[in-house]
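*Asks:* The primary structure of each chain is shown beneath.
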Amino acid sequence: MTARHRGVTFVEIMLGVLIMSMAILPIVRMLSGVSSGTKSDRSEAEALQFACDMMDNILMKMEYNPAQIASPTWQIVERGHTDIRYQVLVKPVPWPAIVKPVIRYHPTCANGVETTPVGQLEDDILSETRDLATIDKETVDRLGLDASKNDFDLCDVKVIVDWKPKGTSDSEFMKNPIILISRKARL
Amino acid sequence: MKNLRRKGLAIPLVLMFVFVVSVYFFSMAYTRTETRRQGLANLNQRQAYYMAMGGIQQALLKIRLLHREAYDAGSLIRGICPFFNPYGDNLVASDLSASTKTPKARNIFMTDLNSGQLPVSILNDGGADFAMPDDDEFKWGYEVTELEVSTYYTSATDGSVRQVAKVTALGSSYDPRTSKTGRREKVTKSIELHRKIQ
Numbered sequence: 001m002t003a004r005h006r007g008v009t010f011v012e013i014m015l016g017v018l019i020m021s022m023a024i025l026p027i028v029r030m031l032s033g034v035s036s037g038t039k040s041d042r043s044e045a046e047a048l049q050f051a052c053d054m055m056d057n058i059l060m061k062m063e064y065n066p067a068q069i070a071s072p073t074w075q076i077v078e079r080g081h082t083d084i085r086y087q088v089l090v091k092p093v094p095w096p097a098i099v100k101p102v103i104r105y106h107p108t109c110a111n112g113v114e115t116t117p118v119g120q121l122e123d124d125i126l127s128e129t130r131d132l133a134t135i136d137k138e139t140v141d142r143l144g145l146d147a148s149k150n151d152f153d154l155c156d157v158k159v160i161v162d163w164k165p166k167g168t169s170d171s172e173f174m175k176n177p178i179i180l181i182s183r184k185a186r187l
Numbered sequence: 001m002k003n004l005r006r007k008g009l010a011i012p013l014v015l016m017f018v019f020v021v022s023v024y025f026f027s028m029a030y031t032r033t034e035t036r037r038q039g040l041a042n043l044n045q046r047q048a049y050y051m052a053m054g055g056i057q058q059a060l061l062k063i064r065l066l067h068r069e070a071y072d073a074g075s076l077i078r079g080i081c082p083f084f085n086p087y088g089d090n091l092v093a094s095d096l097s098a099s100t101k102t103p104k105a106r107n108i109f110m111t112d113l114n115s116g117q118l119p120v121s122i123l124n125d126g127g128a129d130f131a132m133p134d135d136d137e138f139k140w141g142y143e144v145t146e147l148e149v150s151t152y153y154t155s156a157t158d159g160s161v162r163q164v165a166k167v168t169a170l171g172s173s174y175d176p177r178t179s180k181t182g183r184r185e186k187v188t189k190s191i192e193l194h195r196k197i198q
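As you go down the protein sequences, you meet chains E and F in turn.
Numbered per our numbering, the first sequence spans residues 1 to 187.
Numbered per our numbering, the second sequence spans residues 1 to 198.
Pulled out of the complex, with its shape left as it was, chain E reads as follows (with noise of 0.2 Å):
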C-alpha cells in the first residue's frame, strides 16, 4: 500500500511540473509583453504630455511669428523615461473674404433700450462680404498702428511627436508618432 503511495505521487508530480511548465511558459511570455507594454504606455503619456504643453506653449504664449514657430527638422529632447524628436510645421491661411453684419443707422433710442420693432430691425442688418486686406488697412489706419506689427494673420500649426522608451534602440521610433494640429492667429 505504502510503496503505491509513493508510485503515484512521483507520477503526480512529474504531471504537476508538466501542466506547471505548460500554464507558465505563456504567462511568463504573456507578463514580459506587459511589462514593456507598461514602458511604452507610460513613455506614450510623457510623450502626449510633451505635445500639449508645446501645442499651448504655441497658441498662448508665442508671438504670432511662422518662422520663429517653425521647426521643421527633427529636434531631440529627454523627457522623464522618454526620448523624443519632435517638428513643428506651419503654414500661413489665406483669409481673403471676411462676412460682417452691418447695421443700418437710426437715432439712439432713449435709454439705451431697443425700441425698433424686430422684424423691421432684422431688416436694417445687413451681411457685408469685405476684403479682409482692405478691412486690415483701414483698421490699421484708423488706430494709428504699426502696420507690421499689427497684421490679421492665421496659420494652421503641426506638431509632430515620435517618442521611444529611454534604453531602447532607435527603431522603436515611427511606432506610433502623436500628432496634434491646431490653427494660431496673431492677437
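Just so you know, these hints were derived from the structure itself, not from any lab.
Do not take every clue at face value.
To be verified - Below, computed lysine-lysine pairings styled on DSSO-like, alpha-carbon distance capped at 27 Å:
#  : chain 1 : residue 1 : chain 2 : residue 2
1  : E       : Lys137    : E       : Lys91
2  : F       : Lys139    : F       : Lys180
3  : E       : Lys61     : F       : Lys186
4  : F       : Lys166    : F       : Lys104
5  : E       : Lys91     : F       : Lys101
6  : F       : Lys180    : F       : Lys166
7  : E       : Lys91     : F       : Lys104
8  : F       : Lys166    : E       : Lys61
9  : F       : Lys139    : E       : Lys175
10 : F       : Lys180    : E       : Lys39
11 : E       : Lys61     : F       : Lys189
12 : F       : Lys180    : E       : Lys175
Said to hold, decoys possible - A short list of chain F residues far from chain E (calculated; beta carbon distances all over 12 Å):
#  : residue
13 : Arg46
14 : Glu69
15 : Thr102
16 : Asp135
17 : Thr188
What the hints assert, rightly or not - Chain E regions said to be covered by chain F (calculated; three or more residues, Cβ under 8 Å):
#  : region
18 : 19 to 26
19 : 44 to 52
20 : 115 to 125
21 : 178 to 186
Since the structure is predicted, the reported quantities are computational estimates derived from the model, not experimental observations.
Backbone N, C-alpha and C define an ideal beta-carbon position, used for all residues, glycine too.
With the hints as your guide, set chain F onto chain E.
*Replies:* Relative to chain E, chain F alone:
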C-alpha cells in the same frame, strides 16, 4: 484508507495554483489593455480639443479685427440700441423688452467662423508617415457654434459698458491609427467686448 484519500492531492493543488496565477496575470493583461485604450482615447480627445482651440483663435482674431461689429451684435442680443453711447453716465434702463432682442447680427458675424470656409491646410504636410486623412464621414475641422453675451458691467476705469461674452467652438478630428471613428470636443472661452472710442 487514509492514504488512498490523500493520493490525488498534488494535481488539484497544481491546477489550483495555475488557475490562481492565470487569473492574476490575465487581470494584469486586461488592466494594461484598458490603460492602452484610455491612452488612445486621451490622444483623440486632445486632437479634437486643439482643433476647437483653432476655432477659438479664429474667432478672437475676427473679434479683434471687427470689435465694433462684435460689440453691436452683442448689444442687439441683449436688446440694447447699438448706437447708444456706452460711455460716461449713460446708463441703460433695466427693463429690457425681450421682443427687441435679435441674434441676426451675431449669426452673420459667425458665418465664416468655421473650417469649411477656411479648410485646415496642413493635414498632409510632413510626409506620408504623418499625413492625417480626411474621411468622408469624419473630418478634421472646427465650427464656432456660440457667441453669447452672458452678462455686462460698467467699467470703473473709463465708465464704458463691457459685455462678457462666451465663445464656443466645436472641434473634430479623425486619426485612423487610433480610432475607427472621429472625435468631437467643445471648448468655451470668456471674453470681454467693448466699443473702443477710436
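*Asks:* If you test the structure against every hint from before, which numbers come out violated?
*Replies:* 5, 6, 7, 13, 14, 15
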